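Trainee: Listed below, chain by chain, are the residues.
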Amino acid sequence: MKRSHHPDPATLALHAGGDLGWFQAWRTARHVERCGECRDEAAAYRGMRETLPGLAEAPGIQWDHLAREMRANIRLGLAAGECIREVDVAVPRVPLLNGFRAAFVAAAALVLVVTGIVLERPTPSAVSAGVPVVQATGEGVERRSGDHAFALMHEGVNTNRVTYSVSAQGTMGASYVDPQTNLVTMTKVYVE
Amino acid sequence: MSEAIEPGLELLDEQNRFISNHLRRIFLQIYRIVGNVADAQDLTQDAFIKALQHQEQLKDDQKAAHWLSRIATNTAIDFLRRSGRATFCEIDHAPESHSETPEELVLQGEHREYLEDGLRLLSPRERAALMLRDVEGLPAEEVAVQLNCSKATVRSHIANARTKMLRYMERRKR
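Going down the list, the protein sequences come from chains A and B. Okay, so the first sequence: first residue is 1 according to the numbering used here, each after it adds one. Okay, so the second sequence: first residue is 1001 according to the numbering used here, each after it adds one.
To be clear, the hints were calculated from the coordinates, so they are not data collected in a lab. Hints are not guaranteed to be accurate.
What the hints assert, rightly or not - FRET-style restraints, in silico, Cβ to Cβ: (1) B:Asn1016 <-> A:Gly36: 51 to 61 Å; (2) B:Glu1141 <-> A:Arg27: 17 to 27 Å; (3) B:Gln1062 <-> A:Ala102: 45 to 55 Å; (4) A:Arg27 <-> B:Glu1014: 43 to 53 Å; (5) B:Leu1012 <-> A:Trp22: 42 to 52 Å; (6) B:His1066 <-> A:Gly18: 17 to 27 Å.
To be verified - Partial list, derived from the structure: chain A residues whose beta carbon lies under 8 Å from chain B: (7) Leu14; (8) Gly17; (9) Leu66; (10) Leu78.
Just so we're clear, the structure is a prediction, and the values are computed from it rather than from any experiment. Just so it is clear, CB atoms sit at the ideal spot from N, CA and C, and this is done for glycine as well.
Throw the hints in and build the complete structure from the sequences for me.
Mentor: Printed below as a string of structure tokens:
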């Protein structure tokens, strides 16, 4: 018989104790009937199981004496447990977050969030009338100081083709490429 | 005054009855797993203390017995895992039963030692599964409940344990 046709040792071990499901038990029993090798193995498992009840009883102990000792120790253990439990009950446990603490924590968190939002918000720069401002107007670059303005206009230029650039020093530039002549016109206005 | 004391006495009686009914069974169950009388004694006491601290679980006798068995098995397995050992040793007390002849007792002792050497080769859960199934004769479903695992896992533990024990016996025969 091919080796692959034999049940594995675990199946034979379970078969010996009647621990297989009905189909597997039937199939294994059928095989064991026909196969001498597996029959011997199954018999060895059964023999091994029959020796195990030798472990059922503890060796030569004076049970009454042992039982008395265990009873006394159990009572002692229970009494000790009661003492600990009483101490546990006597010390009132304050929950980590009671009503007041929870409200305080929530309020503190709210203040923190609001402060964060206020600080993060960009403040509009207040431009006073006397401070010169350079800006793009759509028709050119304009320098305005109060009511007075100076503008460099891009005459006859498609305003959509003008590229504006602004520097941190307050300089504003405008560049334009004429599509017909390919001439580049650059304008820079400095604020001083 | 007596009314105030009565419930305490009743509880004490109930606890004593519970201990008396199950002490020997639980001690032997633990002994079979740890294989040592002194450890089995300590662990039996622990198991009863754990169980009796949850008095509400002890109302139904049958359920309480099952529950106690589970506590006992888990306590024994935890102990074996922690200590990483199972030491089988005899105690010095005189034998309780005198029906066997000295020769029989020696043979019994040798047989036990032989089996206990084999049990040392098993993992704690394999040992527990083998003891509960093949020595105590519990059905595999009940062993699964006691070990808090599936029936398939228990079957695997039982199969491994039997195979290891058989191989051990074959080696000893040579």
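Trainee: All the hints need checking, so say for each whether the structure fits it.
Mentor: Each hint, compared with the structure:
no., hint, result
1, B:Asn1016 <-> A:Gly36: 51 to 61 Å, "58 Å, holds"
2, B:Glu1141 <-> A:Arg27: 17 to 27 Å, "22 Å, holds"
3, B:Gln1062 <-> A:Ala102: 45 to 55 Å, "46 Å, holds"
4, A:Arg27 <-> B:Glu1014: 43 to 53 Å, "51 Å, holds"
5, B:Leu1012 <-> A:Trp22: 42 to 52 Å, "50 Å, holds"
6, B:His1066 <-> A:Gly18: 17 to 27 Å, "22 Å, holds"
7, Leu14, "5 Å, holds"
8, Gly17, "7 Å, holds"
9, Leu66, "6 Å, holds"
10, Leu78, "6 Å, holds"
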